[in-house]
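Those protein sequences? They're chains A and B, same order as listed.
Counted the way this note's numbering counts, the first sequence spans residues 59 to 382.
Counted the way this note's numbering counts, the second sequence spans residues 243 to 571.
Quick caveat, the hints were computed from the structure, so don't treat them as lab data.
Worth double-checking, as some hints may not be accurate.
What the hints assert, rightly or not - Which chain B residues face chain A? A few, computed with CB under 8 Å, are given here:
hint	residue
1	A461
2	V462
3	H497
4	G498
5	L499
6	P506
7	T535
Glycine is no exception: its CB is placed at the ideal position from the N, C-alpha and C atoms.
The primary structure of each chain is shown beneath.
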Amino acid sequence: MAAASVLSVQDLTIDFLTPRGLVHALRGVTLDVPRGSIVGIVGESGSGKSTLSLAAMGLLPDNAVIRAGRILFDGTDLLTMSEAGWRDLRGRRVSIVFQDPMTSLNPVLSIGAQMTDIQYRDRAAGAAEKRRKAAALLRRVGIPDPEQRLNRYPHEFSGGMRQRIAIAMGLLGNPELLIADEPTTALDVTLEAQITHLLRELRRDFAGSILFISHNLGLIAELCDRVVILYAGEVVEQGTVQDIFHRPRHPYTEALLVCDPARIDAVRRELPTIPGDVPNLLQVPRGCVFAPRCPKVFDRCRDERPADRAVGATQSARCHLASA
Amino acid sequence: MSALLEVEHLHVRFRQMGPIKARLVGGGSRFLDAVLDVSFSVAAGTTFALVGESGSGKSTLGRAITGLVPMHRGRVRFDGQEPLKQGTAALAAFRRRVAMMFQDPVASLSPRLTVKSLITEPFAIHGIRDKERESEARRLLALVGLPADFTGRYPHQLSGGQARRVGVARALALSPKLIIADEPTAGLDVSVQGEILNLMARLQRELGLAYVIITHNLAVVRHVSDEMAIMYMGRFLEHGPTRAIFAQPAHPYTHGLLAAQPLPDPDKRRADVELQGEVPSLARRPAGCEFHTRCPRARDLCRAVRPEPVVLAGDRMHRCHFPRIEACA
């Protein structure tokens, strides 16, 4: 029987070995991607959102050390999986779309060659059938005359088209989970709107789940069912998209929402900011990780790490002030 | 108040191929017109925002104003003078009064120079020897809110926001009157983005600076600019006071850009995407209105006849046969 969550991350803790010492990139990260849902991960630079997506794909660099936790994909622990197991999983049951499509497509192979190559598992299908399948998916992601386009090379496509191709390639194996790591950051706003619309349609057509990673709150609100807020390697708050945008309970989430100029109705020259800097992850502060910048900080925050507290049926916050 | 910067009918053209290749290839234009017939002015102490998608010509326009890219036709007047058409002395004087902040501050700071060298380099370039470099560096760092001991740091030791501040300090070195800022907040987190914009606003108040901000971030434009222009394939499709354009965009492209901004509210999701497709190649400029290939309101007239600028009340302009608001006589 399939598990209720396609992806379940439990208490994941990852360090990086660097010449300057251990960087504590992720600490006690717990989140679930329920089947058929779009879960958004919001975080600023250095919050660990890309580390998380790479861990779920088994693509962490060699200097990463997994200290604790589990990543369950449909109930199977990925962290104990063999390389053969990973090969069977990647591209077929879980695939990823990166930020920059130019670096994820091979520049010296035609789109058609790349899209038939990755159907290598399908032994029964002939070359013509694989091309037909590739063309059908290109058409589905909005690329006109796909049969001719299969003979083109990545540089012959615009940025928006390349990202559509990367998404089509991600969907070729009909995966249960698509990880989209800042898929529209390199695109203009009109293309961004088209790509997010496409992702929403695809979720409906393919009945898969999407883990959508972004720092753009507008896109998260537009696309996601659940939202996870990551700050300096910790999940500080998570809940449904309504919980997070209408009833944020962690001071960091509140501050992040206040800072977004798109949420400020009255025109103003002086924009709100979050004073201070993200903590150095070589030496994580003893208490709450947000305490040095938190407007509601009190003594306990500096000494004692807050636990995840449920603040409703669907929402939790890692804050001493949070209560149901 | 008279304008500090006046740009009239500016046209920037890049050569795409020589005459021989053009004859061999046949058809098409030998040239790419990156900026076409652009006119606007910026008053002292105000902010002008140039908005457009990639390839709209907004960065080229910023560079053409400072003479970093040669103009094909048109005028750039600064304080009543035309520095780009006078000798090198006038150009040097002009460049002391107009500073440029480039995209990607980390890439625009030489990795081998200290912050002190970086922000006082303009003095060396312009042969200003009567300033004490160390004290000037400290003064500039204080102005942008960085501690004085940053003088000895190298660019790789700076965070994105700090590198941005160093870029601002370097732009301020020669006490300019106008700063052209190309994507001043691109790639910054929202919390840091606010800090940089607040710094720029404070410097504008204290030093009476004028800004030309080149960006695609409309949420920022709404808060920081007095006037704005929407560029598409090198032309201004709409131009006027920021407040009025946001309240009621005249051009369908402006409307589409505003509608494409995702709203950070899960209860206001959009059902449809208003603007489909992508910007056409400059090498294959559509006939008639350049925007007709993507315009939801396009009709036959738009495909045949290029719209001329239409002036609206309240210092507004648009180029559209079928605008969303009518011209008041």
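Interface hint for A461/B, Cβ within 8 Å of any Cβ on chain A: holds, 4 Å
Hint check, P506/B versus chain A [nearest Cβ-Cβ separation less than 8 Å]: holds, 4 Å
For the hint on T535/B, just tell me whether its beta-carbon gets within less than 8 Å of chain A. Status violated, d = 13 Å.
Does G498/B pass the interface hint, meaning its C-beta sits closer than 8 Å to a C-beta of chain A? holds, 7 Å
The hint names L499/B as touching chain A; please verify it with the least Cβ-Cβ distance against 8 Å. Where the cut-off is 8 Å and the nearest Cβ of chain A is about 7 Å from L499/B, the hint holds.
Per the CB criterion, is V462/B less than 8 Å away from chain A? holds, 6 Å
Grab the minimum C-beta distance from H497/B to chain A and call the hint holds if it beats 8 Å, violated otherwise. violated, 12 Å
Consistency with the previously given hints fails for numbers 3 and 7, ordered from lowest to highest.
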